Amino acid sequence: MIMALQVIVVALFFLPVLPSCQKILEGAGPLYLPLYWVILAALSIILGLILLKQEHGGRA
Amino acid sequence: MRIEFMATLALFFVAGTGVALLSRRLYRGGTEEFFVGGYRVGGLLAAMTYAATTYSAFMMVGLVGITFTAGVASLGFELVYLAATATLLSTVGPRVWRLSRERRWLSPSEMIADLYNSRFLEVIIVALYLVALVPYTAAQLKGVGEIFEALGLGYEVGVLFSAVAVSLWTAIAGLWSVATTDAFQGVWMLGSALILLVYVSSYALSTVGYEGISRTISHAGLLRFRWTVAQFVGLSTPWIFFALTNPQVVQRLYIPKDMNAYVKKYKYFSVYGLLYTILCVALGLLFRALAKGLGHNIEAMLLKNRDLVTPYMVTFLTPPWLASTVLVGIVAAAVSTADSIVLSVSSGAVKLLHRACGSSLSKVLLRLLTPSSMMLMLIPASALALFRLAYVVELSVVSSALLIPLAPITIAGLIKGPGPKGGIRPVLSLLLGEAPLIYAIFKHGPAGALSQPLIGSAPAPLIALILSTLPLMTIRRRGHET
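Residue numbers (my numbering), protein chains in the order written: chain A, 1 to 60; chain B, 61 to 542.
By construction, these hints were calculated from the structure, which means they are not laboratory data.
A hint or two may mislead.
Each computed DSSO-like pair below joins lysine-lysine, with the alpha-carbon atoms no more than 27 Å apart [what the hints assert, rightly or not]:
hint	chain 1	residue 1	chain 2	residue 2
1	B	503	A	53
2	B	476	A	53
3	B	324	A	53
4	B	364	B	503
5	B	327	B	317
6	B	364	B	352
All values reported here derive from a predicted model rather than from experimental measurement.
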């Protein structure tokens, strides 16, 4: 489940190549595009950490 | 400025060599110790060597320059790498870590050969590493050479200095000296970028003000997505699989001493990567807001030669001590990446030659094997750097792209598990993957090979990825092969 979410998050990075998505992000404000990517990166790091803790936390 | 730079560089070199010499206390001798630190490296050290190896001179030279010229899309390009690496490190990574100590892997070429039980594959991959990573290492040495040249110290002297630092810090205690000097250099890289950002921000606020900064950046369209689809996908794809395709980072998956250390490594590296990326992009944007005010048509000149953005920023805006610290930080980024590449590629070559020659090698020859395989990598890289091919960015990315076909091979091999022979499929996968990349390099040249569409709007890296996956589709888990 988390693994699938991580793959989706990475795929979402490519969404701004679509003109319609660019319009939405740029229309919302000048900082929304960079913020979008920073949030995705942070989300992907957190998901990875949850996965590592879940699957390997007890095995250290 | 020249004197300050030389003094800072001397301090960096002496301190780095001191750290490398101290690391000999951790080194217990033997091949496993030399190449993978005996699989007993702590979490913080593993994270710092991973970060310093991954983040090369490209960050402070290439990424700042791309942001300056093409805007904030560079943030997406660089952060997609970090997100993909976080995904790979938390999913495939633990399996690589566990298998590496079970199977006693020293190098990624040995890992793939073991997964498919094919020595022929090992020979091909070692050769591919040499072909692909010589330009990548050359790009690092070239970056240092350009800094020396800009300061009037001679391009060749810079290339030679970095080659000496790489060989010395690798030879002292192998992975231990590389990892400890990487940690030292990683702190220098991040620290100098942070101080530079604070300095440039306060300078910008006091001169053009917040409104001036945002007006210039918005007017230039730097906060809009201005890349083409092929450019963004083509340049990002090689980096998405970087953690599984580039031997210098794959080898760093083997080294944490236990799973706790592995998780710590993941955490610290991720935070480092996020911070460093944001710092570099912010520097590129801020300097663009200031460049117009510098006169002499500097902005127009930098838009044509983006690799000069950072050198100009530090020499025009900051006092000599800060400029020297930042420039030495770039040298650190280049050296820390190059020595890890040299170590990882030479580990593959050493294992291969050792197995090929078996017990017929005398002790003297065996001792000479490691330094000579390091030179096999370093000498052509230095020579290539002296030729000054293409931009730093394209040179690095093109060489990473040649390694793309290794991603499906590695993932399929890890799913399958070591043991049964992989047959012709991994070799076919490699050939099919390399074909569009090589064709694109010949068709568009190194600068456009990845960002120009090859079929429809699909760039070569994407086609390479798809083609190299096809022959591996029928590979199943161990015992379930079709």
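Is the hinted pair residue 324 of chain B and residue 53 of chain A satisfied, with a Cα-Cα distance of at most 27 Å? holds (11 Å)
Take the C-alpha atoms of residue 364 of chain B and residue 352 of chain B, compute the straight-line distance between them, and say whether it is at most 27 Å. holds (14 Å)
Decide if the proposed pair is consistent with the structure: residue 327 of chain B and residue 317 of chain B, CA atoms, cutoff 27 Å inclusive. With a Cα-Cα distance of about 16 Å, the restraint between residue 327 of chain B and residue 317 of chain B holds, given a limit of 27 Å.
Between the alpha carbons of residue 364 of chain B and residue 503 of chain B, is the straight-line distance 27 Å or under? holds (23 Å)
Satisfaction of hint between residue 53 of chain A and residue 476 of chain B, Cα-Cα up to 27 Å: holds (25 Å)
Holds or violated: are the alpha carbons of residue 503 of chain B and residue 53 of chain A at most 27 Å from each other? violated (47 Å)
Comparing the model with each earlier hint shows a violation of hint 1 alone; every other hint is respected.
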